[in-house]
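Chemist: Here is what each chain is made of, one letter per residue.
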Amino acid sequence: MCGIVGLFIKNPALQPELGRLTSLMLKTMTERGPDSAGFAVYGSSASGQRKMTVRGISADNIGDFEAGFLKAAGGSANVAKHQDHVVLTYASDLEPAIRAFVNGFGHGVHFASSGESIELYKGVGLPEEVAARFDLEKMQGTHAIGHTRMATESAVTIAGAHPFSTGPDQCLVHNGSLSNHNTLRRRLVNEGLTFETENDSEVAAGYLSWRLSQGDKLDQALESSLKELDGFYTFVVGTREGFAVLRDPVACKPAVMAETDDYVAFASEYRAFADLPGIENAKVFEPEPQRVYHWEHAA
Amino acid sequence: MSGARNTQVFDLNTSTLRELNSTLQQEGAEGAWEIHNPAGRHSLAVGLTNPVSVTIDGHAGYYAAGMNQRANVVINGNAGQGVAENMMSGSVHVKGNASSSAGATAHGGLLVIDGDAGARCGISMKGADIIVRGSVGHMSAFMAQSGNLVVCGDAGEALGDSLYETRIFVRGTVKGLGADCEEKEMTPEDLQILTGLLSKGGITDIKADEFRHYGSARKLYHFRVDNASAY
Numbered sequence: 001m002c003g004i005v006g007l008f009i010k011n012p013a014l015q016p017e018l019g020r021l022t023s024l025m026l027k028t029m030t031e032r033g034p035d036s037a038g039f040a041v042y043g044s045s046a047s048g049q050r051k052m053t054v055r056g057i058s059a060d061n062i063g064d065f066e067a068g069f070l071k072a073a074g075g076s077a078n079v080a081k082h083q084d085h086v087v088l089t090y091a092s093d094l095e096p097a098i099r100a101f102v103n104g105f106g107h108g109v110h111f112a113s114s115g116e117s118i119e120l121y122k123g124v125g126l127p128e129e130v131a132a133r134f135d136l137e138k139m140q141g142t143h144a145i146g147h148t149r150m151a152t153e154s155a156v157t158i159a160g161a162h163p164f165s166t167g168p169d170q171c172l173v174h175n176g177s178l179s180n181h182n183t184l185r186r187r188l189v190n191e192g193l194t195f196e197t198e199n200d201s202e203v204a205a206g207y208l209s210w211r212l213s214q215g216d217k218l219d220q221a222l223e224s225s226l227k228e229l230d231g232f233y234t235f236v237v238g239t240r241e242g243f244a245v246l247r248d249p250v251a252c253k254p255a256v257m258a259e260t261d262d263y264v265a266f267a268s269e270y271r272a273f274a275d276l277p278g279i280e281n282a283k284v285f286e287p288e289p290q291r292v293y294h295w296e297h298a299a
Numbered sequence: 001m002s003g004a005r006n007t008q009v010f011d012l013n014t015s016t017l018r019e020l021n022s023t024l025q026q027e028g029a030e031g032a033w034e035i036h037n038p039a040g041r042h043s044l045a046v047g048l049t050n051p052v053s054v055t056i057d058g059h060a061g062y063y064a065a066g067m068n069q070r071a072n073v074v075i076n077g078n079a080g081q082g083v084a085e086n087m088m089s090g091s092v093h094v095k096g097n098a099s100s101s102a103g104a105t106a107h108g109g110l111l112v113i114d115g116d117a118g119a120r121c122g123i124s125m126k127g128a129d130i131i132v133r134g135s136v137g138h139m140s141a142f143m144a145q146s147g148n149l150v151v152c153g154d155a156g157e158a159l160g161d162s163l164y165e166t167r168i169f170v171r172g173t174v175k176g177l178g179a180d181c182e183e184k185e186m187t188p189e190d191l192q193i194l195t196g197l198l199s200k201g202g203i204t205d206i207k208a209d210e211f212r213h214y215g216s217a218r219k220l221y222h223f224r225v226d227n228a229s230a231y
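Going down the list, the sequences are from chains A and B.
Numbering of the first sequence is given in the UniProt record's numbering, commencing with residue 1 and proceeding in unit increments.
Numbering of the second sequence is given in the UniProt record's numbering, commencing with residue 1 and proceeding in unit increments.
The reader is advised that the hints may include incorrect statements.
[Stated by the list, open to error] One side only, chain A facing chain B, incomplete, derived with CB under 8 Å:
hint, residue
1, A251
2, E269
3, R271
4, F273
5, A274
6, F285
[Claimed, not checked] Per label pair, the in silico range of CB-to-CB distance:
hint, chain 1, residue 1, chain 2, residue 2, range
7, B, F223, A, D275, 50 to 58 Å
8, A, E296, B, N13, 32 to 40 Å
9, B, F223, A, E137, 27 to 35 Å
10, A, Q15, B, Q25, 56 to 64 Å
11, A, T183, B, E189, 22 to 30 Å
12, A, D261, B, N37, 45 to 53 Å
13, B, H36, A, G74, 58 to 66 Å
14, B, G172, A, T30, 36 to 44 Å
Hints in this document: simulated from the structure, not taken from any laboratory.
Computed from a prediction, not measured in an experiment: that's the story for all the values here.
Note that CB positions come from ideal geometry on N, CA and C, so glycine has one too.
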């Protein structure tokens, strides 16, 4: 099954509510995915700065990690701790050095996402617990994407939890299964991409990142994925400015959307919208198969 | 026991779904019922066998009014997957949009959807009348066996795929016909049936002669190797 939620805020007055509303939506989708959950929040960004979310940091190694990071980053860097995840903030030009440090650190520490505004958290357990663990309720921002996983084809691990982030400020959540992900993964590896898991959804995320790196706009990248990705899918995709939805031609996996002047919301089921403000007057509709829906904030 | 005076209210903020359904299913239940705060819950007002009137005041989740017999259910909102699935009799009226598989396998009764229906509307229907004021998604009336599907808007791909004897009337465009579905002549009898259906669905602003009629070419009833490529 799996449950997906997404919330794209149009009215800035609602930005402080982003985390709280997203956590309510995730909690409602527990019945579709009680194994693990994850979410990406697009929050504030400072010019010339980048953020990297790193997961798998234990109390034993946080000291070494922090010291190593601050050394790699030089002076004006910051470490924000959220349980076993940390969000590193540093000058943009240090990105390669920080990435090399994180990848080389070992001790089960993993890169989760990087970009100007994305922060990405995931964990094993009930969605409500995962959201509480990272204090999602208090997070603010412009848009958020979340996933509750019912593991059917691979183990219940944090690595297998969504979202997957394979490019700067990009992330993807997926409900469904892809049948040609191994072939596609080999092709993308030849194009220079690297993958951390055997998960089909990570390949979909990687494919989009690759198209975007080739100059596609988000909607163009999604159009081409209709031709290249074989299988069942409902995708919700986040970028720095944008939010997109795509369903496969058969549209086997459920999807519903709600739009008001204040926000656009996506969920696997309507139930997840029940607590959204003004939902009673929202335009609620089922996205059509093979049609790219996308919204963007003015850059 | 009818009329607004006797309307009984079930508020799902204070009662459980199980209490709601078991009350409505109880032998001898009658009259008018209003369900408040449905919040998209699944399986609202399912398995009803009493001739009650139920108004769901808001959006419904999956399988709303499923397996209905004799009850008249109105949903003042959207309905999720499988609304009125396997209905035997009575009626279900969705004032908003419906998701996929609306009226699936329904044997009888009337399903009216004021908005659009998603994919596979009326899949394997076996005798119900389904009237959609908006459009229907792909593979609607797939393997439909009996009854009528009326679409005032457009139909998606593979309409009526592997169709048996259901009549399909579409007013707008049809993106594509499925295997063994073909456009049929609109006979005076068909026109009369369609006129009756529009009237049953409370549709007065659209005329029966604006529709086209589709049905089974009856080539795939029995497997014949000559037709293998048509499936």
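Chemist: Please go over all the hints and tell whether each is borne out by the structure.
Modeler: Against the structure, the hints come out as follows:
1. Below 8 Å, beta-carbon pairs count as interface contacts, and A251 of chain A has one with chain B at about 5 Å; its hint therefore holds.
2. A cut of 8 Å between beta carbons decides the hint on E269 of chain A: the least distance to chain B is about 6 Å, and the hint holds.
3. Given hint, R271 of chain A at the interface with chain B, holds; its Cβ is 4 Å from that chain's nearest Cβ, closer than 8 Å.
4. A distance limit of 8 Å between C-beta atoms decides the matter here; for F273 of chain A the minimum to chain B is near 7 Å, and the interface restraint holds.
5. Given hint, A274 of chain A at the interface with chain B, holds; its Cβ is 4 Å from that chain's nearest Cβ, closer than 8 Å.
6. The closest approach between the C-beta of F285 of chain A and any C-beta of chain B is roughly 6 Å, which is under the 8 Å cut-off, so the hint is satisfied.
7. For F223 of chain B and D275 of chain A, the hinted distance range of 50 to 58 Å is satisfied, since their beta carbons lie about 52 Å from each other.
8. Take E296 of chain A and N13 of chain B: their Cβ atoms lie about 37 Å apart, and the range 32 to 40 Å holds.
9. In this structure the hint that F223 of chain B and E137 of chain A lie 27 to 35 Å apart at CB is violated, the actual value being about 59 Å.
10. At about 46 Å, the beta-carbon gap between Q15 of chain A and Q25 of chain B misses the expected band of 56 to 64 Å.
11. Take T183 of chain A and E189 of chain B: their Cβ atoms lie about 54 Å apart, and the range 22 to 30 Å is violated.
12. Between D261 of chain A and N37 of chain B, the C-beta spacing of about 24 Å breaks the proposed range 45 to 53 Å.
13. Between H36 of chain B and G74 of chain A the CB atoms are about 60 Å apart, so this pair conforms to the stated range of 58 to 66 Å.
14. Distance hint for G172 of chain B and T30 of chain A: a CB-CB separation of about 40 Å, consistent with the stated range 36 to 44 Å.
Taken one by one, the earlier hints fail for this structure at numbers 9, 10, 11, 12, listed in ascending order.
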